[in-house]
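Enquirer: Top to bottom, those sequences are chains F and W.
Be aware that the first sequence starts at 1391, since it is given in this note's numbering, and climbs by one per residue.
Be aware that the second sequence starts at 4, since it is given in this note's numbering, and climbs by one per residue.
Hints listed in this document are in silico derivations from the structure and should not be mistaken for laboratory results.
Being a predicted model, the structure only gives us computed values, none of them experimental.
Every residue gets a Cβ at the ideal spot worked out from N, C-alpha and C, and that includes glycine.
You may find that some hints are simply not true.
[Unchecked claim] Simulated DEER-style distance windows between Cβ atoms:
| no. | chain 1 | residue 1 | chain 2 | residue 2 | range |
| --- | --- | --- | --- | --- | --- |
| 1 | W | S202 | F | D1511 | 33 to 39 Å |
| 2 | W | D135 | F | T1509 | 49 to 55 Å |
| 3 | F | E1738 | W | T445 | 55 to 61 Å |
| 4 | F | D1525 | W | D427 | 32 to 38 Å |
| 5 | F | E1656 | W | E73 | 57 to 63 Å |
| 6 | W | G410 | F | G1646 | 36 to 42 Å |
| 7 | W | G194 | F | D1574 | 42 to 48 Å |
| 8 | W | T445 | F | G1786 | 41 to 47 Å |
| 9 | F | G1786 | W | E73 | 44 to 50 Å |
| 10 | F | G1646 | W | G450 | 30 to 36 Å |
| 11 | W | S129 | F | T1699 | 55 to 61 Å |
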Amino acid sequence: MADLLGLARQVLEQAKADEEVEVYVAHGRETSIRVFEGEIEELTTAESAGVGVRVISGGRQGFSYVGALEPTAAAEALVEARDNARFATTDEYAGLASPDGVEPPVLDLWREDLASFPTDDKVGLALELERRVRDGDSRIRQVVSSDYVDGYGETAIATSRGIEVSSRQTGCYLFVHAVAGDGDDTQTGFGYSVGRSPVDLDLEAAATDAVDRATRLLGAKKAKSARLTAVLDRRVTATLLGILSGTLSGEEVVKGRSLFAGRIGEKVGVDGLTLVDDPTNPLAYGASEHDAEGLACRRNSLISGGELTGFLYNTYAARLAGTASTGSAVRGGFRTTPGVGAQALSLEPGTQDQTEIIAQVGDGFLVQSITGVHSGVNRVSGDFSVGAEGLMIRSGELAEPVREVTIASTIQRMLQHVVAVGSDIEWLPGAATGVTLAIDDVALSGS
Amino acid sequence: MAPADSSPVDLVEAPVLERVLHQALRRGGDFAEVFVEDRSSSSIFLDDRKVEELSSGRDRGAGIRVVVGETTGFAHTADLSETGLLNAAEAAAAVAREGGGGVHEVALSRQQPQRRQVTTPPNAVSKSDKVDLLLRADESSRSAGAAVVQVSAGYGDSRRRILVANSEGLLADDDRVRTRFFVTCVASGDGGMQTGSESIAYTLGFDMFDDHPVEEAAKKAADRAITKLKARPAPSGVLPVVLKRGSGGFLFHEACGHGLEADHILKDSSVYTGRVGQMVASPGVTLVDDGTFGANWGALVIDDEGRPTQRNVLIQDGVLTEYMWDYLRARKEGRASSGNGRRQSYEDLPMVRMTNTYLLAGEEDPDEILAQTPKGIYVAQLGGGQVNTATGDFVFGMTEAYLVENGRIAEPLRNANLIGNGPDVLSKIDAIGNDFEMSPGTCGKDGQNVPVGCGQPTMRVSGITIGGTASG
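Chain W extracted, bound-state conformation:
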């Protein structure tokens, strides 16, 4: 099959879209939008030395929304025929009760942003090559040490072709290919079992594995589990925390990223409401959200409202400069969207979401940061986390962490959460390294999951509460 190219995504023809938009606004309304999607995906799962399952699927459908004042009506359908789309438009328009919308003609004009080129799309790779990847990972994890008693690994790819048309005349499309891989190992020792995991995920095709061999990830996951067999319980209390580059980007995604999403801001449910221009972080802290950033997991050419993504500086040298916006919230404030309108699928309404969110590197030598930490925690990998945007309180799981003693990495620690408050942690950053790394993740908000990237340099926070069980 041909690689994903720059030919337009013609899931529904422009004249049909124009008639559907017309129908959507027939009873009134200020804005209408049709989002059409054709998604094919495949996944393979290995567990207990066996390729347990190959799975593949296809979803096609359209979501239609109609905005009337402050009210949004939304309906979706898997029927992409003109009748199916017109019915969905009618259902979405049910919120436009006032009637008297009159005639609203829509003439679409196609936007042509530079399409991402995919070297090796998933459908150009045989299923046996994908299976082989997992077998190699299993082998690599198991050969890392006899303590490794169980390995599971997964491969997944997706191709998402989308088409967005709205009543302002926008017509844009995109063809998105993503590939991911994960591996989880269980190691067993005298003190019980421990786990270690690692993942690779990019907005790329199968060529992703050229630069990121699964063997390396599989070994890393196994080493993590083995190391933790000797781990002691994490301490309990407030300690300085050094975050290794790439380990803690998610902390900033949670601790402040979510609070900078305009939907939270406009509902006054964020600690950052009304704080543009104020110092919200230590000097030297610059936070960026950038959908155009490389082939990272959160990269997008256009967002799910058809707007080209861009590089948005949210915090500049400690000062809050900007929030993130989707169409609806930007419209309310009479400004432009920042290209942050995303949705999980055609079955969901878009909302303000992050793309690739990261802290820029500073000037300090990472080794020096560690050397100048007499006592604390060194975090090499964080798991997931959660934030309450209204209070800024967050929690995060440490999945690879060590005690720091006299400026050196000492004993490994068992998993534990750390807990803090976004604004508080940002103001306690007291060292920023000159290195940098991104890592992939999945961001959940209001029941919708989207791929995001996060990144940071090696850095130190002067005090975070460690939720372990061992006294200081």
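Just chain F, with the same shape it has in the complex:
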């Protein structure tokens, strides 16, 4: 393994006295296998690494990166970042994170057995997944792809403010894309399973999920437009939480772009609604000891009993808002500067599973998947309109499948109209946790 922190320190030594410097070094390796019709279609070995350097000088910030772990190239990135800083606007709030005394959680996110897992076994998993989906139902017409992907990532951060941290983690997943057909009718379904090591993977669950999701939509038709209760499947809820977290970003709030600005302490949701962002929970795939500026991750309460309790901040947004960082700096790798984001969102679970919620709702619409989230949701105005497919709920039971409809409301309204949160927490890749969620008074638009 490369000495990432050593390289970060080496670059940092070249910082000048009158500037703040942050060196972020990342290295990762990934193996990706895709099979099709019993053969390997693609086998990719990928290694990526690089250094991102942030310089703040006289209140002005510049950034530069290089896609290599070479000391000379990294030193050039520092020089370039320094030059870039000359052209930014002087901003008294610009600055790197200062150590704040918060102890980072101790998390074990590394699995040694991943590295020794033989390639043939990885291929075997992908082939077995494809076979089980194909054999899962006579109406499965095609398995478009069956993937096994694993890898590790390690990062180090060293700054002139005295932060020095490093971390590493492993991960893997199985993913399958199935097409079901019945006459002229075609439907698709995805299934996946995620883990930190191959022993965590549940191949059968991924296969069953893909088969069920594709086949149960066969015969789906457009439904009549109506106002009804939408029961969001776990993964749909995770997507919704991701959207919601964008509106709870302290940066958006302080810049006047959040519908929740100035509303701390107000009732924004129903009584039972509690939302936290807790990257200290090792079960979450977004778990991390440090945020992307090297501060300790911590549990942040966002909504408690329906009341808005807090926003998420990185160092810059916190300084703008006159508060402290919540350890919520995130970055998309060494090529970008830290932004603000949730890392491990979850709703406090209720007591009923999905079947019980469906029975309680009586009549409504089980939303299996949504599309057009990036185009149909406006985080500033709160307007929400997405494509949806799923099954109607009649007399407390799942009924006919539905496709090509939209569901619409506003984020504000949806929080006030939650009628049930499930007990069925599912840890998912990404920054949010899945759980069944029922929301009433949603507009379904169809024929």
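Keeping the supplied structure of chain F fixed, place chain W upon it in accordance with the hints.
Expert: For chain W alone, coordinates are given in the frame of chain F:
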């Protein structure tokens, strides 16, 4: 610094590439390819009246693939030394398990397509001139009205020098310069906040701004946000939709373009599989994908497999004529690539992708199309969208739209998605205008993003489901 010229891209010398290809096929395999890239990019971001950040970066590396039968092995490296490349070739060749490949000599011959000339490459422009652009945009948006409470704007440029060599002897290179600008405004009123945005993006250098001033884009974005302050919720239900020229090209990119990509076709995961020669759209509908089309955002001289791009007619007067192909899928069918093999970077495998995809103009007067729509929706700007190629179902966000009443544009509408089915919408096009406009976008497929252009004339679809909240 000298402008990007037509001198060859010599990131790795030809004899080294020949040895690497030889190594890649040593254990067997039908095809090997080395893709070398040197990318430099810079971006500037303005938000809340401040130039928050200038960023720049450099990526260099090579991706090597080896094809054995139906199997592709791929590896990439940031180490462009001969040793680094040979190691990557070895890793990519790991799929060639059978061994016994024998000797495969490769002699490269350089292709020389006409290189795109860049008048003002990004590195010939000072950072302060680029910063100035954003300050001017901020000023222009804010002066559009007191309701504008927030403005963010971004500038980005990239220069991508690529070199492709393969075991069939192809050696081709390209030097690609792209420049983009975007602006987003927030306006605040009694009914809450609304947003408006606009972008400019071309396969050009800084001279792009000569013909496309940022002030105009910034004003447009601000006006959009301000107009929507008075907007009512979009209706819910099926209505005729008039798409303004240039507003909805992406709809056709999503609604049928993706379904015409040969990888989906060969895996039978497209509604268009086996339908060449059939009527798939209203008469008069002609859909083209054209990598050679001007300096549009999706324009390319060669694709990322070294093939010259070309103009491909996909649908001719309503009849499906052709799919889009990359090397691998074309090889499988024993035909030529259509120049649609693209990849995000050297770290990615190429696949079938669109370039500039557009519907050709028709003969009708755009004003007449509107006048002959008693009730419906007029879409002036669409946001992003998404399609399921296997079913053809798609969704699209409307970011500037109005009600149409008695043939006239009436009240503005709040953002909402529209939803439809590709083949269904294509057959419901009942008016095609004689105007035309392209717009830039980013197309995501299988985790890879590439720049694309889309375009269409003003046109009407007789019915699309509008996903609003207001009853009919």
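Enquirer: Now, for every hint given, state plainly whether the structure supports it.
Expert: Comparing the hints with the structure gives:
1. Distance hint for S202 (chain W) and D1511 (chain F): a CB-CB separation of about 46 Å, inconsistent with the stated range 33 to 39 Å.
2. Distance hint check: the CB atoms of D135 (chain W) and T1509 (chain F) are about 53 Å apart, consistent with the given range 49 to 55 Å.
3. Range check, E1738 (chain F) to T445 (chain W): about 37 Å between beta-carbon atoms, so the 55 to 61 Å window is missed.
4. Under the hint 32 to 38 Å, the C-beta atoms of D1525 (chain F) and D427 (chain W), about 33 Å apart, fit the expected range.
5. Distance hint check for E1656 (chain F) and E73 (chain W): the Cβ-Cβ separation is about 59 Å, which falls inside the suggested range of 57 to 63 Å.
6. Range check, G410 (chain W) to G1646 (chain F): about 39 Å between beta-carbon atoms, so the 36 to 42 Å window is met.
7. Range check, G194 (chain W) to D1574 (chain F): about 45 Å between beta-carbon atoms, so the 42 to 48 Å window is met.
8. Distance hint check: the CB atoms of T445 (chain W) and G1786 (chain F) are about 44 Å apart, consistent with the given range 41 to 47 Å.
9. Hint check: G1786 (chain F) to E73 (chain W), Cβ distance near 48 Å, so the stated range 44 to 50 Å holds.
10. For the pair G1646 (chain F) and G450 (chain W), the beta carbons lie near 33 Å from each other, so the given range of 30 to 36 Å is met.
11. One distance hint, 55 to 61 Å for the beta-carbon pair S129 (chain W) and T1699 (chain F), is violated here, with the actual separation near 47 Å.
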